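Chains X and D are the protein sequences, given in the same order. Just so you know, we're using the numbering used here here: the first sequence kicks off at 6 and counts up by one. Just so you know, we're using the numbering used here here: the second sequence kicks off at 16 and counts up by one.
The reader is advised that the hints may include incorrect statements.
To be verified - No more than 30 Å apart at the CA atoms, straight line, and that leaves these computed lysine-lysine pairs for DSS-like: (1) D:72 to X:8; (2) D:98 to X:120; (3) X:75 to D:98; (4) D:93 to D:72; (5) D:93 to X:8; (6) D:98 to X:8.
If you're looking for bench data, these hints aren't it; they were derived computationally from the structure. The structure presented is a predicted model; accordingly, all values stated were derived computationally and were not measured.
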Amino acid sequence: AQKITQTQPGMFVQEKEAVTLDCTYDTSDQSYGLFWYKQPSSGEMIFLIYQGSYDEQNATEGRYSLNFQKARKSANLVISASQLGDSAMYFCAMREGLRTGNKLVFGAGTILRVKS
Amino acid sequence: EPEVTQTPSHQVTQMGQEVILRCVPISNHLYFYWYRQILGQKVEFLVSFYNNEISEKSEIFDDQFSVERPDGSNFTLKIRSTKLEDSAMYFCASTLTRREAFFGQGTRLTVV
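Take these sequences, add in the hints, and give me the full structure.
Here you go:
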C-alpha cells in the first residue's frame with residue numbers, strides 16, 4: 006500500500022484565491038510527522054510546513070496551513086491568496102516513528118498552476 | 016539563513032565512470048540524507064547517515080553507492096560505475112530535529 010497518496014496530479018487556481026492540495030497517508034505508528042515541500046521548475050525542494058501527529062493545533066506558516074485530520078489520515082495543504090509564484094510541484098511526505106533520523110517517504114506530487 | 020549546499024548543480028558523465036556528488040549540510044545538523052528523483056517521478060530515499068555511519072539504506076543503495084563524511088562539513092555520495100538509469104536529480108538533506116528536513120538545491124546527474 007502507498008504510504009503517501011496525492012490524488013490530484015494537477016490543479017489550477019485563480020490568482021488571489023485559496024487552494025487545497027490533498028494528501029492522505031497510511032501508517033500504523035502513533036508517532037509520525039507530515040511535511041509539505043514546494044518544487045519550482047528550477048528543481049530545488051523548499052520546506053514549507055510540518056505537522057506532528059501529537060500536535061494539537063493545525064500548523065500554519067504564513068500563507069500555508071495544514072488541515073490535519075488524524076482520524077481520516079489526511080494532511081491537506083491550504084495555500085491562501087495564491088500568487089503566480091506559487092506555481093510549482095508540491096510534495097507531501099511522512100516521517101514515521103520517534104527517531105529524528107528516520108527517512109521521509111514522499112507522495113507523487115501535485116502540480117499547481119496559478120492563473121492571472 | 017543557513018542552507019544545504021550541493022555541488023555541482025549539473026554533472027554529465029559517461030556510463031561506467033565514477034562520480035562524486037558533494038554536499039555541505041547545515042552546520043549544526045546531525046542527520047544527513049541522500050534522496051534521488053528520476054525525471055517526472057517521486058522523490059526516493061537512498062541513505063541516511065548519523066554519527067559517521069549509515070543509519071538506513073534503501074534497496075536502491077547497492078554496492079555501487081557509498082557515502083562519506085570526510086571532514087566536519089562535507090557529505091559525499093559516490094557512484095562507482097554509473098549506469099544510464101542513475102540519471103536523476105540527487106538531493107542532499109540534513110536535519111537537527113524531527114520537525115524539519117532541509118534539502119539542497121540538487122545535483123542533476125546525466126549519464127550518457
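Item to check | Restraint status (C-alpha distance of residue 93 (chain D) to residue 8 (chain X) at most 30 Å) | outcome: holds, 29 Å
Next on the checklist: With the threshold set at 30 Å, check whether the alpha-carbon distance from residue 93 (chain D) to residue 72 (chain D) stays at or below it.
Outcome noted: holds, 14 Å
Item to check | Restraint check for residue 98 (chain D) with residue 8 (chain X), where alpha carbons must lie at most 30 Å apart | outcome: holds, 29 Å
Checklist entry - Would the pair residue 75 (chain X) and residue 98 (chain D) pass a check requiring their Cα atoms to be no farther apart than 30 Å? => result Violated, at roughly 42 Å.
Next on the checklist: Holds or violated: residue 72 (chain D) and residue 8 (chain X), Cα atoms, limit 30 Å.
Outcome noted: holds, 18 Å
Next on the checklist: Hinted pair, alpha-carbon criterion (30 Å max): residue 98 (chain D), residue 120 (chain X). Please report holds or violated.
Outcome noted: Violated, at about 40 Å.
Consistency with the previously given hints fails for numbers 2, 3, ordered from lowest to highest.
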